[in-house]
Structures are given as structure tokens and as C-alpha cells.
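> Sequence:
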Amino acid sequence: MININEESFYEGGPARSDLIINLFAGLTLLGLPFTFAAIVRALWLRYKITNKRITIDGGWFGKNKTQVSLSNIEEIRSIPRGFGSYGDMVLILNDGSKVEMKSLPLFREKQKFIEENMVKRSQTLNLNEVEGFATKS
4 MININEESFY
14 EGGPARSDLI
24 INLFAGLTLL
34 GLPFTFAAIV
44 RALWLRYKIT
54 NKRITIDGGW
64 FGKNKTQVSL
74 SNIEEIRSIP
84 RGFGSYGDMV
94 LILNDGSKVE
104 MKSLPLFREK
114 QKFIEENMVK
124 RSQTLNLNEV
134 EGFATKS
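Read the sequence shown against the numbering used here and you will find it ends at 140, with the numbers running on by one and no gaps.
Derived by calculation from the structure, the hints in this document are not laboratory data.
Some hints could be false.
Stated by the list, open to error - Below, simulated EDC-like cross-link-like pairs (lysine to aspartate or glutamate); rule was C-alpha separation at most 20 Å, straight line:
| hint | residue 1 | residue 2 |
| --- | --- | --- |
| 1 | K66 | E103 |
| 2 | K51 | E9 |
| 3 | K68 | D91 |
| 4 | K115 | E9 |
| 5 | K68 | E112 |
| 6 | K101 | D91 |
| 7 | K115 | E77 |
| 8 | K66 | E9 |
| 9 | K105 | E78 |
| 10 | K55 | E14 |
| 11 | K101 | E78 |
| 12 | K55 | E78 |
| 13 | K55 | E9 |
Just so we're clear, the structure is a prediction, and the values are computed from it rather than from any experiment.
Model the full structure from these sequences, guided by the hints.
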């Protein structure tokens, strides 16, 4: 169920080029595990990115569902793959846990959208509590 104020930015699966590259890698014996993983991702992994949250449906037969509110994201780390056509993204949450998003097409645009919609925690320092280099606890 989508909130009235929630706007969908991306809804879909992993990059098709991830599957194509890994199918070619499957022609060798060493590439077979990567090919199997790419097929599973292509069949059952789905992303939904809105201006409020990220939903990831994945796992075997798509039975695992993960939802992350954009206000819970502390940091985003990403790395390009597939000659830069797609990439992997790791969302580091406020509690230190990590959520992976693999083979995300046009990941730079999605990262920019997520960063623009993240609620930044204001960390203001109360100057009354500061004494020298230490703070009162």
C-alpha cells in the first residue's frame, strides 16, 4: 500500500546486462556460480524506490521482503559494475546494519534520488556542555 504523498521513482528488477554478462561467463566452468546467481536475481529480485522508502523483494522464489525508510539511512556506498551500466549499492542504516542492493540499473541516478530524499539528522552541538576538548556526560 502506497501513501498518498509517496511518489514512486523506480520499480523493477536488476539490470539485464548483469544477466547477459554472467551468461557469457557461464560458458566457463568457473563462471557457473555467477551465472546461477544472476539467473536467481533476474527471476526473483525486485526493487521499489519511492521518496519515502525502499522495498526489496528477493530471496529464493522472492519470499524475502525488506523495507527501509529513507529517514533510517545514514550513508550510501556504491560501486559500478558491468562497465558502469549498473552497480551495487549498500545502504548503511542508523543502527549500523547494512542492506545490499545488487545489480541496480542506472544506480547513480537512484543514489542521487535517495540522497536528496533522505532526512538528515541535525546534529547540533550544545555549546553549554562543552568544556575544553571534552564534553560532559
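> With reference to the structure, classify each hint as holding or not holding.
Hint check:
The straight-line distance between the Cα atoms of K66 and E103 is roughly 16 Å, inside the 20 Å bound, and the hint therefore holds. With a C-alpha separation of about 12 Å, the suggested pair K51 and E9 falls inside the 20 Å cut-off, and the hint holds. For the hint linking K68 to D91, the alpha-carbon distance of about 18 Å falls within 20 Å, and the restraint holds. Straight-line distance between C-alpha atoms of K115 and E9 comes to about 17 Å, which keeps the hinted pair within the 20 Å bound.
Of the supplied pair hints, the one linking K68 and E112 is violated, its CA atoms being roughly 23 Å apart against a limit of 20 Å. Distance check on the hinted pair: K101 and D91 sit about 13 Å apart at the alpha-carbon level, within 20 Å; holds. Using a Cα cut-off of 20 Å, the hinted pair K115 and E77 holds, with the two alpha carbons roughly 14 Å apart. For the given pair, K66 sits about 24 Å from E9 by alpha-carbon distance, which is inconsistent with the 20 Å threshold.
Among the hinted pairs, K105 with E78 is consistent with the structure: their alpha-carbon atoms are about 16 Å apart, no more than 20 Å. Simply put, K55 and E14 have alpha-carbon atoms about 14 Å apart, close enough for the 20 Å limit, and the pair holds. Annotation: proposed proximity of K101 to E78 holds, straight-line Cα distance about 10 Å (limit 20 Å). Among the hinted pairs, K55 with E78 is consistent with the structure: their alpha-carbon atoms are about 16 Å apart, no more than 20 Å.
Among the hinted pairs, K55 with E9 is consistent with the structure: their alpha-carbon atoms are about 6 Å apart, no more than 20 Å.
Going through the hint list in order, the structure does not satisfy hints 5, 8.
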